[in-house]
Amino acid sequence: MSSPIVSITAPANPVEDFLRTDRMPHIWCPGCGIGTTVNCFTRALLESNTDLNKLSIVSGIGCTGRVAGYTNLDSFHTTHGRAIPFATGLKLASPDMTVVVYSGDGDLFAIGGNHLIHAARRNIDLKVICVNNLTYAMTGGQTGPATPLDVITATAPYGTYDPAFNLPYLVEAAGAVFVARWTTFHVKQLARSMAEMFKKKGFCFIEVVSPCPTLYQRRNKMGDGLDTMKFYKEMSKTKHGAPTNEVGLTKSGEIIVGKFVDRERPDFATMMNAHLQHELGDQYIQAEGPVCG
Amino acid sequence: MARGSVSIVVERCKACGFCVEFCPSKVLALSSAFNSKGYHPPHAVTPEKCSGCDLCGMYCPDFAIHGFRTDKPAAKSETEKEPDDAC
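In the order they appear, the protein sequences are chains A and B. When we follow the numbering used here, the leftmost residue of the first sequence carries the number 1, and every step to the right adds one. When we follow the numbering used here, the leftmost residue of the second sequence carries the number 1001, and every step to the right adds one.
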């Protein structure tokens, strides 16, 4: 059944080095976009020459939370909603480490919502990738914090009537220094944005709008994963620097994508070191490497 | 003359069709055969058009396919196997 042009000398898939291949095939449904975001993530790591020994990836619970378990990097699969607190501790204990939080909309914005806004307020140097599939996918498709209006879910059989979070607006207001949104259709742009984010210091946030064909699209008669990708292709519009209060998602309306915020603010560690240096003088010794272990 | 090629891990495929739809050269199509999970994996119908851009590899959510260049980069890495491709 193999393709006629498969060559035995084919170089390995670049994503292979980043995967725990013994756990493949993964649990994600056919047409789910989370695997596509992992491809972009690995290409961004390669492109930005990030030191993989100084990188860790933290996930919460949910479909996207599985990413930490599938990537062959230093990774931690935390309890529900607690990816950001764990990552904050990790970053403060190992200031030289790049800490990536890879989780879903429900984990980051509902169960862990308070942690997220306070990490953004303090501008802790975390790279947050939020795969937004607009529903609680792993538990059966209930209404989540990012579910748009008038959508059928497991808990809203007559359609949702409560307004959703506009994720970029929320994190910008809370203080993030880098905010971008792409869909799983925009693979090249997403990889470039992630590479840019790895070089940026401070609280960075990328929202990736992703299909959930099994629970979201099917219930709303929006087709399968491929139909959703075509929908993203047709309906998304790139607007770099767009005001984030105007980029809220609707069920079938336009999806504004691009890099919305890129600004400078001193991060938590810089502020802490500067303040304690000022208060304590020579008594204060700034940690360079890991401060424990 | 194809500038690239694709490598497909048939057993990982879940037949989402992303690679078939978004291949810029329309090299791929879903095959009529099944893999052991009952999905129809893609195969290259017009391999000579493949440019090795690896867009299929970036889209594939199951890490089942990737594209690669067969001209210069392959000649560098596979020296012992490339007498016919060296030009």
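Rather than coming from a laboratory, the hints here were simulated on the basis of the structure. Just to be clear, a hint being listed does not mean it is correct.
What the hints assert, rightly or not - Listed below are the simulated BS3-like cross-link pairs for lysine-lysine, each with C-alpha atoms no more than 25 angstroms apart in a straight line:
(1) A:K233 / A:K54
(2) A:K230 / B:K1026
(3) A:K233 / B:K1026
(4) A:K188 / B:K1049
(5) A:K251 / A:K239
What the hints assert, rightly or not - These stretches of chain A come out as covered by chain B in the derived footprint (C-beta under 8 angstroms, 3 or more residues):
(6) 24 to 37
(7) 223 to 235
(8) 248 to 259
Don't be surprised by glycine CBs; every beta carbon is placed ideally from N, CA and C.
Given pair status - A:K239, A:K251, alpha carbons within 25 angstroms: holds (19 angstroms)
Need the status of pair A:K188, B:K1049: alpha-carbon distance at most 25 angstroms? Measuring from Cα to Cα gives roughly 21 angstroms; hence the hint holds.
If you count the residues of the segment 248 to 259 of chain A with a beta-carbon closer than 8 angstroms to a beta-carbon of chain B, do you get 3 or more? Violated - the segment 248 to 259 of chain A has 0 residues with a Cβ nearer than 8 angstroms to chain B, which falls short of three.
Count the residues of the segment 223 to 235 of chain A whose Cβ falls closer than 8 angstroms to any Cβ of chain B, and tell me whether that reaches three. It holds: at least three residues are needed, and the segment 223 to 235 of chain A offers 5 whose Cβ sits within less than 8 angstroms of chain B.
Are the Cα atoms of A:K230 and B:K1026 separated by 25 angstroms or less? holds (16 angstroms)
8 angstroms C-beta criterion, at least three residues: is the segment 24 to 37 of chain A covered by chain B: With 12 residues closer than 8 angstroms to chain B, the segment 24 to 37 of chain A meets the three-residue bar; holds.
Hint check: A:K233 vs B:K1026, CA-CA at most 25 angstroms. Holds or violated? Given pair A:K233, B:K1026 holds - Cα atoms ~17 angstroms apart, limit 25 angstroms.
For the pair we were handed, A:K233 and A:K54, check the Cα-Cα distance against 25 angstroms. violated (35 angstroms)
Going down the numbered hints, you'll see the structure goes against 1 and 8, while the others check out.
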